[in-house]
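Assemble the whole structure, with the sequences as input and the hints as a guide.
First to last, the sequence lines map onto chains Y and X. All letters in the first sequence, in the order written, are residues 1 to 462 by our numbering. All letters in the second sequence, in the order written, are residues 1 to 197 by our numbering.
Among the hints, a few may not be true.
[Stated by the list, open to error] Lysine-lysine pairs mimicking DSS-like chemistry, simulated, CA-CA at most 27 Å apart: (1) K49/X / K88/Y; (2) K47/X / K195/Y; (3) K120/Y / K124/X; (4) K131/X / K195/Y; (5) K327/Y / K345/Y; (6) K70/Y / K49/X; (7) K49/X / K110/Y; (8) K47/X / K88/Y; (9) K124/Y / K36/X; (10) K88/Y / K36/X; (11) K176/X / K120/Y; (12) K210/Y / K36/X; (13) K36/X / K70/Y; (14) K49/X / K91/Y; (15) K36/X / K195/Y; (16) K47/X / K110/Y; (17) K131/X / K181/Y; (18) K128/Y / K36/X; (19) K49/Y / K270/Y; (20) K295/Y / K155/Y; (21) K365/Y / K459/Y; (22) K70/Y / K47/X; (23) K181/Y / K36/X; (24) K110/Y / K36/X; (25) K195/Y / K49/X; (26) K47/X / K181/Y; (27) K36/X / K135/Y; (28) K91/Y / K47/X; (29) K27/X / K181/Y; (30) K162/X / K27/X; (31) K176/X / K162/X; (32) K49/X / K210/Y.
Everything labelled a hint here was simulated from the structure, so no lab data went into it. This structure is a prediction, so every number in the text was calculated from the model and none was measured.
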Amino acid sequence: MQLQDTLSNKEQTLDISKKIKIYLCGVTVYDESHIGHARTIIIFDVLRKYLESKKVEVEFIQNFTDVDDKIINRATTENVSAQEISDKYIKSYFKDFDELNIMRATNYPKATEHIGDIIKFIEKLIDKEIAYVSKNGVYFSVSKFPQYGKLSKKKIDELQSGSRIQIDETKKDPLDFALWKYSGINPTWESPWGKGRPGWHIECSAMSIKYLGENFDIHGGGRDLIFPHHENEIAQSESHTGNQFAKIWMHVGMVTLGGEKMSKSLGNTKSIKYVLENWGPNIIRLFCLSGHYSKVIDYSEEILKENFSKWRQVETCYFELIHANNKNQENISEKIKKIGMKFDKSLENDFNTHLALSSFFELVKETNRLAAEEKLGEENSVIIKKEFQRILKILGLNIPEMSIDEKQKIDELISNREKFRDEKQFVQADKIREKLNEMNIELIDHKEKTIWMKKEKIKSEK
Amino acid sequence: MPDTTITPFSETQDAMKIISLIGMEYKLIDINPIVKEYSMYLVPNEKAKGNLRARVRTNILYYYANIENYLVLGSSDKSEYLTGYFTKFGDGASDLAPIISLYKLQVREIAKHLGIPENIISKKSSPHLWKDHEAEKELGIQYEEIDSILYCLFDEKLSIEKTAETTKIDIKIVEKIHQLNIKSEHKRLQPQKSDMK
Ligand SMILES: [Zn+2]
Numbered sequence: 001m002q003l004q005d006t007l008s009n010k011e012q013t014l015d016i017s018k019k020i021k022i023y024l025c026g027v028t029v030y031d032e033s034h035i036g037h038a039r040t041i042i043i044f045d046v047l048r049k050y051l052e053s054k055k056v057e058v059e060f061i062q063n064f065t066d067v068d069d070k071i072i073n074r075a076t077t078e079n080v081s082a083q084e085i086s087d088k089y090i091k092s093y094f095k096d097f098d099e100l101n102i103m104r105a106t107n108y109p110k111a112t113e114h115i116g117d118i119i120k121f122i123e124k125l126i127d128k129e130i131a132y133v134s135k136n137g138v139y140f141s142v143s144k145f146p147q148y149g150k151l152s153k154k155k156i157d158e159l160q161s162g163s164r165i166q167i168d169e170t171k172k173d174p175l176d177f178a179l180w181k182y183s184g185i186n187p188t189w190e191s192p193w194g195k196g197r198p199g200w201h202i203e204c205s206a207m208s209i210k211y212l213g214e215n216f217d218i219h220g221g222g223r224d225l226i227f228p229h230h231e232n233e234i235a236q237s238e239s240h241t242g243n244q245f246a247k248i249w250m251h252v253g254m255v256t257l258g259g260e261k262m263s264k265s266l267g268n269t270k271s272i273k274y275v276l277e278n279w280g281p282n283i284i285r286l287f288c289l290s291g292h293y294s295k296v297i298d299y300s301e302e303i304l305k306e307n308f309s310k311w312r313q314v315e316t317c318y319f320e321l322i323h324a325n326n327k328n329q330e331n332i333s334e335k336i337k338k339i340g341m342k343f344d345k346s347l348e349n350d351f352n353t354h355l356a357l358s359s360f361f362e363l364v365k366e367t368n369r370l371a372a373e374e375k376l377g378e379e380n381s382v383i384i385k386k387e388f389q390r391i392l393k394i395l396g397l398n399i400p401e402m403s404i405d406e407k408q409k410i411d412e413l414i415s416n417r418e419k420f421r422d423e424k425q426f427v428q429a430d431k432i433r434e435k436l437n438e439m440n441i442e443l444i445d446h447k448e449k450t451i452w453m454k455k456e457k458i459k460s461e462k
Numbered sequence: 001m002p003d004t005t006i007t008p009f010s011e012t013q014d015a016m017k018i019i020s021l022i023g024m025e026y027k028l029i030d031i032n033p034i035v036k037e038y039s040m041y042l043v044p045n046e047k048a049k050g051n052l053r054a055r056v057r058t059n060i061l062y063y064y065a066n067i068e069n070y071l072v073l074g075s076s077d078k079s080e081y082l083t084g085y086f087t088k089f090g091d092g093a094s095d096l097a098p099i100i101s102l103y104k105l106q107v108r109e110i111a112k113h114l115g116i117p118e119n120i121i122s123k124k125s126s127p128h129l130w131k132d133h134e135a136e137k138e139l140g141i142q143y144e145e146i147d148s149i150l151y152c153l154f155d156e157k158l159s160i161e162k163t164a165e166t167t168k169i170d171i172k173i174v175e176k177i178h179q180l181n182i183k184s185e186h187k188r189l190q191p192q193k194s195d196m197k
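See the structure below:
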């Protein structure tokens, strides 16, 4: 598998002959997660599902930043403890992302549960004279890491001349960043240098190395994390271990709204709760996978509507496959095999979910065409269904299984309706149709038969 | 076993005083570095950390009991036991509880009889699980009153109303002590076992 690596600015080969170790920077738990977070996490979820579909073992670590100024500020405003704020939003995180059908990570380490590891990490940097103790905390000395800027392609001297007038006089260099900040506001911990709490970047270095080792396969996150967060992570980690940190840096593009960056400070975010309520998990996943992961995608109701009609095609395909019984069949096995291979190839080639989706919809359209032309038989259906289900699983799309009872009930209602229609009792027939509508059952008429499909309820449809 | 960041030094001095009076062997162990190390890897929570201090002490007691083949004596009295004012598997854990049938006021009487220094007998009862932690402050009532209420409720088996009448203590307070007892029932029971014949 080839993946574009931000660091080398080249495609790198991911060796899938062994276990793959992935670290993804998670959320800071001070507020509801939004569609931008969802996109990054969905991309990595599909990557993981794809690898696992190929029987590759994946160890997936995603942190929660649960000690941070934003959390403390919110706690102060709401007059509760920082812990209450982070607990609340961790619960909220799992509610949202479980509903989005995201597979749970191998582990979700929290900064507050790794203070000991963080302190040891900083101690080693001080021993190596790469970090220094100052009046306000412990700082990383950027000049001690000559490769600083290699990820974000920034030059140290340009950064220095471009940086604003130094506010913190206790830093040796304006680019130096905090590893440990002295603080009297809870939560705080004792440290060899003074009571305080860790800086943001250090937790990811300490926790990724703790769980995945010094040199793991993929480090991911949103593009907005490249600088300074990931740049600093590299500086800390490689100074600490003397080895290469992550092998591949994979960054997911932002979600914009009307072309503008979505951000909490601008107040133009779409929370996951909002989009889930209005569109449900499948349409959101289709939307998040619709562009190349490294590029920006723009959120709009129109685009979600487009994905909504695509989702209806997928549902139609599924129910056509279930009801397939045409006698006259086309030989489609070669075609389906090719589509499946194309799907895989797109993902193997820098994880192009956009192209992979095209292949998937080729499969959907082909099936729906065969059904319309009364050429979808049971044998065809078995071949297509296998591929259809495989792709559905990789993309994390979900059509709820129906119980046999439910299916029987629907079949019964439909045959009653037909009986009434044959007897020209249209009032009764319409009543049944209404009832089917309430159950979100849609009838699809073919020349020889009428089949039904159960559609997902989408609030925004009306 | 003080936590030197929490326990007032006077407490350690009092303990040393008793030790020299009896002439027993002892170990002075500051549990602070142990508690600190724990909290480097656990989500911060002051209350849970308070109970952790009690449980760290229990761990150490049983560590030495293990080595010496000793039994651990518990220091819970009847007032604490009935109100559940102890840490489950912390100071509540022991092999023998020699003073558990005595109310706190009775313990003080016996202490006088045994010739325990006056300042130890009369000082405010405190678990010192966190800074400035005092039992009566936390419970919101004096032990004189708690003991009278508990005596009426559990030894004389009087009703809540009758207890309030006899002790002339506000029925709300009686009710509160009664609730403490009910809510702490789990602390006095053996672990509930499923499917054990
Ligand atoms: Zn991170």
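Hints versus structure:
1. K49/X / K88/Y: Within the cut-off at roughly 20 Å; holds.
2. K47/X / K195/Y: The given pair, whose Cα atoms are some 20 Å apart, holds under the 27 Å limit.
3. K120/Y / K124/X: violated, 41 Å
4. K131/X / K195/Y: Between K131/X and K195/Y the Cα gap is close to 17 Å, so the pair holds against 27 Å.
5. K327/Y / K345/Y: violated, 33 Å
6. K70/Y / K49/X: holds, 25 Å
7. K49/X / K110/Y: Roughly 18 Å separates the two Cα atoms, so the pair holds.
8. K47/X / K88/Y: Roughly 18 Å between the alpha carbons, so the hint for K47/X and K88/Y holds.
9. K124/Y / K36/X: Distance of about 20 Å is within 27 Å: holds.
10. K88/Y / K36/X: Holds, because 26 Å separates the two Cα atoms, which is no more than 27 Å.
11. K176/X / K120/Y: Cα-Cα ~47 Å, so violated.
12. K210/Y / K36/X: Judged against 27 Å, a Cα distance of about 20 Å means the pair holds.
13. K36/X / K70/Y: holds, 25 Å
14. K49/X / K91/Y: holds, 22 Å
15. K36/X / K195/Y: holds, 12 Å
16. K47/X / K110/Y: holds, 20 Å
17. K131/X / K181/Y: Within the cut-off at roughly 24 Å; holds.
18. K128/Y / K36/X: holds, 26 Å
19. K49/Y / K270/Y: Between K49/Y and K270/Y the Cα gap is close to 26 Å, so the pair holds against 27 Å.
20. K295/Y / K155/Y: holds, 24 Å
21. K365/Y / K459/Y: holds, 25 Å
22. K70/Y / K47/X: Distance ~24 Å between K70/Y and K47/X Cα, so the pair holds.
23. K181/Y / K36/X: holds, 18 Å
24. K110/Y / K36/X: holds, 18 Å
25. K195/Y / K49/X: holds, 17 Å
26. K47/X / K181/Y: Holds, because 25 Å separates the two Cα atoms, which is no more than 27 Å.
27. K36/X / K135/Y: holds, 24 Å
28. K91/Y / K47/X: holds, 21 Å
29. K27/X / K181/Y: violated, 37 Å
30. K162/X / K27/X: violated, 48 Å
31. K176/X / K162/X: OK: K176/X and K162/X at ~15 Å, within 27 Å.
32. K49/X / K210/Y: holds, 25 Å
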